[in-house]
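Student: Letter by letter, the chains look like this.
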Amino acid sequence: MIKVEDTFAEAFPMKVSRLIITAYNDNWAFNAANSFCGFATSVIACGCEAGIESKLLPNQTPDGRPGVSVLVFSMSSKELAKQILNRTGQCLMTSPTSAVFSGNSGEKKIPLGNSLRYFGDGYQIAKMLGNRRFWRIPVMDGEFLCEDFAYQMEGIGGGNFLILGENIKSVLYAAELAVKKMNKLENIILPFPGGIVRSGSKVGSKYKGLIASTNFDYCPNLRTIVNSKLNRKINCVLEIVIDGINKQDIELAMKLGITEIIKSKETKGVERISAGNYGGKLGPYLFKLKSIIT
Amino acid sequence: MKNIILKPKIKINHHLDLRNISLIDASLNFNSIFKLKILYGNIEKKIGDLFDIKVEINKKENVKVEISGINNNCDYVGWKWKNGNLKINSNVGSFLGAKMSGGNIIVNGSAENFVGSEMTGGSININKDACDFVGSPLPGSKSGMKGGDIIIKGKARDYLALNMRRGLIFVNSGVRNYCCNNMIAGTVIIKKDIGKNFGVGMKRGTILTNDNSFSKTFFKENGFSSSIFYQLLNNYIIKKYGIKMFKERKSTMRYLGDKNIDGMGEIFLKLEN
Chain A
0 MIKVEDTFAE AFPMKVSRLI ITAYNDNWAF NAANSFCGFA TSVIACGCEA
50 GIESKLLPNQ TPDGRPGVSV LVFSMSSKEL AKQILNRTGQ CLMTSPTSAV
100 FSGNSGEKKI PLGNSLRYFG DGYQIAKMLG NRRFWRIPVM DGEFLCEDFA
150 YQMEGIGGGN FLILGENIKS VLYAAELAVK KMNKLENIIL PFPGGIVRSG
200 SKVGSKYKGL IASTNFDYCP NLRTIVNSKL NRKINCVLEI VIDGINKQDI
250 ELAMKLGITE IIKSKETKGV ERISAGNYGG KLGPYLFKLK SIIT
Chain B
0 MKNIILKPKI KINHHLDLRN ISLIDASLNF NSIFKLKILY GNIEKKIGDL
50 FDIKVEINKK ENVKVEISGI NNNCDYVGWK WKNGNLKINS NVGSFLGAKM
100 SGGNIIVNGS AENFVGSEMT GGSININKDA CDFVGSPLPG SKSGMKGGDI
150 IIKGKARDYL ALNMRRGLIF VNSGVRNYCC NNMIAGTVII KKDIGKNFGV
200 GMKRGTILTN DNSFSKTFFK ENGFSSSIFY QLLNNYIIKK YGIKMFKERK
250 STMRYLGDKN IDGMGEIFLK LEN
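So the protein sequences, as listed, match chains A and B. Residues in the first sequence are numbered from 0 upward in steps of one, following numbering that gives the first Met the number 0. Residues in the second sequence are numbered from 0 upward in steps of one, following numbering that gives the first Met the number 0.
Among the clues, some could well be false.
27 Å max Cα-Cα, derived BS3-like pairs, lysine-lysine [unchecked claim]: (1) Lys145(B) <-> Lys108(A); (2) Lys108(A) <-> Lys239(B); (3) Lys215(B) <-> Lys191(B); (4) Lys108(A) <-> Lys81(B); (5) Lys239(B) <-> Lys107(A); (6) Lys54(A) <-> Lys219(B); (7) Lys267(A) <-> Lys246(A); (8) Lys107(A) <-> Lys145(B); (9) Lys228(A) <-> Lys267(A); (10) Lys81(B) <-> Lys34(B); (11) Lys239(B) <-> Lys54(A); (12) Lys59(B) <-> Lys239(B); (13) Lys8(B) <-> Lys63(B); (14) Lys81(B) <-> Lys107(A); (15) Lys238(B) <-> Lys108(A).
These are computed hints drawn from the structure, not numbers from a lab.
Input sequences plus hints: build the corresponding full structure.
Tutor: Here it is, written out as structure tokens:
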């Protein structure tokens, strides 16, 4: 029986934007999105957290081509705008046949084609359709079509839960099961590699200038020398971090992920489900595990 | 909100200036609408003198004005129209939706000249034909339409999209002469004939057509094109207006011009396979 601890995950407000990336086929839409979301696991050092939200069918995209929806989270409006612009320019514009559109509306604008158009060196073309402006930037495979602006929304970052177990095999398998289930949801992303993180962090460090360091409470190798939260049976902990557009979606994702692990008969070796928090000091959003899964 | 239905009491034999219909909004009651001034011939009258007015309250957000039984003597319908829906169940005169900035106008009939002249937003949907100067400058002005959509399910005549700066014009059938002259930007789709002197003086903008008869002294061939914008536009028109632009399997040749003025306008010519 896997025990769910009576604790909570602690999350904080973030700025978020959704982009729709389309291409000639699924493969190239995915390639472009994958490149865009590269090196975007944590705001600690990446500037943003990004991930593929969902795959889109041709009838769900503005240009009728296959696409994917991507969510990008950052701590400030300025950083979000910088990351989106740089990644669009370097990862989407460079990817064959790609086009990019805003996937949400809002009041706060983030320059997209509005800045990238200058790459066209005078041969860029602006087109208005309805209330939306698009830029056609000439490139070597034809043109890169890009919406004028993306838009910022309010989001939440740092929803999480921890899977504690006997060995890497069982814990990794349980985490994979949860990720598979959670990845079917919209409005959330799991920004870490394969949706799973092993290097959970705490705020601050003994070293000056380091804003985060290893969460030694959950490091099995340190359990005898620090105030560890692990007993002798637990040799592995993995974390699933969830960023979402609102609290309900993160709660739903956590519920589905945890339930999937508890329900499965093949997660033998997993002992407990816990969550990372900072005593309620880091963020205003608290996700209580017990109440989420009931 | 309100659903306002106007029906003329008499047959309109003289020129009727209906621009003040655009003053109707949610705040006006029956009496205020009744007293709105209109010019019939050269005599000022109240709307209530010439029209039966019916005001219905509905749950929709926008005001809807429906006019039936007018004819092509009725000009300036939808002049500076800002929001809400205007439906005309008959033919209508000139300056339909001129200078409009938002909302929708639907005409279940034909319209005369200057449809959507200098409009900046919203959409005009004409189920039959339109005459000259669609989306063009008003007399005395230099700049044509600056935004919004004009959909003509039938045909149009001369000087369509003259000096057009922004927006979309779709003509399901053909047009006559001097269309898309001096276009500055914007998008024009003409499914059939394009007439003489097409696209002369075009600086920028996009035209999509089936008709190969435009002058090659004005436009140079740029080769086959598979523009993503074409797919975006096609999708936009299908989703918003339920109209298909061209047959799917047709390939597209791109022309650039007007080369006599170093223009960067483009014509996408859909070729028969």
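Student: Run every hint past the structure and note whether it holds.
Tutor: Tested hints:
Between Lys145(B) and Lys108(A) the CA atoms are separated by roughly 23 Å; this keeps the pair inside 27 Å, and the hint holds. Pair hint Lys108(A) plus Lys239(B) holds up; C-alpha atoms about 25 Å apart against a cutoff of 27 Å. This hinted pair checks out: Lys215(B) and Lys191(B) have alpha carbons roughly 18 Å apart, not beyond 27 Å. A threshold of 27 Å between alpha carbons decides the hint, and for Lys108(A) with Lys81(B) the separation of about 25 Å falls inside it, so the pair holds.
Distance check on the hinted pair: Lys239(B) and Lys107(A) sit about 26 Å apart at the alpha-carbon level, within 27 Å; holds. For the proposed pair Lys54(A) and Lys219(B), the alpha carbon gap of about 40 Å is over 27 Å, so the pair is violated. A threshold of 27 Å between alpha carbons decides the hint, and for Lys267(A) with Lys246(A) the separation of about 31 Å lies outside it, so the pair is violated. Annotation: proposed proximity of Lys107(A) to Lys145(B) holds, straight-line Cα distance about 25 Å (limit 27 Å).
A threshold of 27 Å between alpha carbons decides the hint, and for Lys228(A) with Lys267(A) the separation of about 20 Å falls inside it, so the pair holds. Taking the CA atoms of Lys81(B) and Lys34(B), the gap is about 21 Å. The hint holds against a cut of 27 Å. For the hint linking Lys239(B) to Lys54(A), the alpha-carbon distance of about 24 Å falls within 27 Å, and the restraint holds. Annotation: proposed proximity of Lys59(B) to Lys239(B) holds, straight-line Cα distance about 19 Å (limit 27 Å).
Of the pairs offered as hints, the one joining Lys8(B) and Lys63(B) holds, with about 20 Å between alpha carbons and a cut-off of 27 Å not exceeded. Distance hint between Lys81(B) and Lys107(A) is fulfilled; the C-alpha atoms sit about 25 Å from each other, no more than 27 Å. At most 27 Å may separate the alpha-carbon atoms for a hinted pair to count; Lys238(B) and Lys108(A) meet this at roughly 25 Å.
Hint compliance for this structure: hints 6, 7 are broken, all remaining hints hold.
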